[in-house]
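S.K.: For reference, the chains in residue letters:
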Amino acid sequence: MRNIKAVFWKQIRDTLKNKTILIQFVMFPFMAFVMEQAVVMEEMPDHFFVNLFSSMYVGMAPLIVMSAILAEEKEDCTLKVLLMSDVKPIEYLTGTGGYVWSACMLGSCVLGLVGGYQGREFAAFLGIMAGGIAASLFVGAAIGTWSKNQMMATSIGVPVMMLFSFLPMLSMFNETVHKIAGIFYSEQVRILIDQMGQHGMEMKSFVVIFLNMAAALCCFVLAYRKCGLS
Amino acid sequence: MIKLTDVVQCFGEHEVLRGVSLQIRKGEIFGLLGPSGAGKTTLIKIVTGQLKPSAGQVMVNGKNAADLNGSMYLRMGIMMDSYGLYGRLSCYDNLRLFAKIYGTAEGKIDEVLKKVGLLEAKKCPAGKLSKGMRGRLALARAVMNEPEILFLDEPTSGLDPAATKQIHELLLAEQEKNTTIFLTTHNMAEAEKLCSHVALLNEGTIVEYGEPKEICRKYNHQNQLQIRLYDGRYLELKNDCRAVGTLQTYLEQGMIETIHSTEPNLETVFMELTGKGLV
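From first to last, the protein sequence lines are chains A and B. Position 58 of the first sequence, counting from 1, maps to 58 under my numbering, and the rest follow consecutively. Position 172 of the second sequence, counting from 1, maps to 172 under my numbering, and the rest follow consecutively.
If we strip away everything but chain A, and leave its shape as in the complex, we get (with noise of 0.2 Å):
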């Protein structure tokens, strides 16, 4: 527990220097505020920005910072350094992990706010955006750990992170690209927080956001066993 504890104090004072990394948890909370705010139209739907970009949120900034923040740690080697300090591969991911994910949900408690979130609802948003920000860690978690260095989690990151946050922007627009992306999780926590407001949600859409969970699992498993983290 002591390094499980030491890594998420590291990574705390090291993400209030990285700007790279505190964009992506504030963007999108920032850019929902401002959108719902600035942009008032007849027949918007309630909480149209809050729940678009809680899914983009979701689909990026989870991913992209896991990824960048292995790779990172990989190419300046101080990932070997702490591992060659009695601190276990679990215990550096679950300190890591364990923070990214807090600070995201730090970033949706905000998101929920600006949607006028309450009660049931507020909790029943943070359940939703908890599972879908743990999928997209498990996928962060994979491509940092199979890179070898930044410029390789960038290459593999983007591309795959495009995927999980465009593509539930897209599929409102497109009904090819909605049955498409209804396998992604990304797009079953879009269906969910909108359902939120309307009717009861559906158990498909969890057992999507589950499966992904386990597929993403089991894609880090395969990289942590190919590469491992040093």
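Hints are computed from structural coordinates only; laboratory data are not their basis. Don't take every hint at face value.
Unchecked claim - Which stretches of chain A does chain B cover? Using the computed rule of at least three CB atoms under 8 Å from a CB of chain B, they are:
id	region
1	1-8
2	135-144
Said to hold, decoys possible - Below, in silico cross-link-like pairs of lysine-lysine (DSSO-like), each with a Cα-Cα straight-line distance of 30 Å or less:
id	chain 1	residue 1	chain 2	residue 2
3	A	Lys80	B	Lys100
4	A	Lys80	B	Lys115
5	B	Lys114	A	Lys80
6	B	Lys123	A	Lys80
7	A	Lys5	B	Lys45
8	B	Lys114	B	Lys131
9	B	Lys165	A	Lys226
10	B	Lys108	B	Lys122
11	B	Lys193	A	Lys88
12	B	Lys165	A	Lys80
13	A	Lys80	B	Lys213
14	B	Lys63	A	Lys226
15	B	Lys165	A	Lys5
16	A	Lys80	B	Lys128
17	B	Lys108	A	Lys5
18	A	Lys19	B	Lys131
19	B	Lys193	B	Lys165
20	B	Lys3	A	Lys5
21	B	Lys100	A	Lys5
22	B	Lys45	B	Lys63
23	B	Lys165	A	Lys17
24	B	Lys100	A	Lys19
25	B	Lys165	A	Lys19
Unchecked claim - For the chain A half of the interface with chain B, some residues (derived, Cβ under 7 Å), not all of them:
id	residue
26	Arg13
27	Asp14
28	Lys17
29	Asn18
30	Ser85
31	Asp86
Only a predicted model underlies this, so the values are computations on that prediction, with no experimental measurement involved. Virtual Cβ for every residue (Gly too), placed ideally from N, Cα, C.
Let chain A serve as the given structure and place chain B on it in line with the hints.
M.R.: Chain B alone, transformed into the frame defined by chain A:
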């Protein structure tokens, strides 16, 4: 403390280490000398368990190096050529992270920073330090948990003489605490000054092993006295009793400008053994 037996390391077809055998005793400073590409870093990686040898055995504190685990790493300090520092974190925070991991009191951080001469730069981000300062910070991290064994890969490479002196003093102070120090270097003066035993590594093979002074004596084939006189003459005398008379004459006449014996240093020994220098 550390024992290597017939260690072989191959990368594909290329054999980097060819049957290296060594023994390092507790509390000694051991220097592994060799030119770039000789296999020094590979050997230190094997001894610290970062690399599994293709053949042979490495024992550290009675345990196989390939099986080193967390609690054993806690008793070691390792400084590799890539320092592994968090560039955005300050010197203090870099050490604070490891103080948390080692369970060391945070009061120790300032003490260690002072030892390596970085106390005034404690708030400076590690990424903005000079190479020498980063090396010292990495060394501070390596000694913070008061290790039983210190592994240092080229600890003074690229440092100015003042910083090098400071590092040497720190290493000697660590040795006084009975810390075993395994260092690699291509600086023969450093090895002569610090190490109780050295091994000369060339193309993956140990070509000589022993105490630095003993090695130099062993290869003192010329055994001459070289004398320069004030009148410009240069003499070479055999270093034995036959030189006494001549020397006495010149000394009495006050003619000697310089006088040197011809014992070799580690670099000349290495050149004699391999036909190349320690660069």
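S.K.: Looking back at the numbered hints, which does the structure fail to meet, lowest number first?
M.R.: 2, 9, 11, 13, 15, 20, 23 and 25
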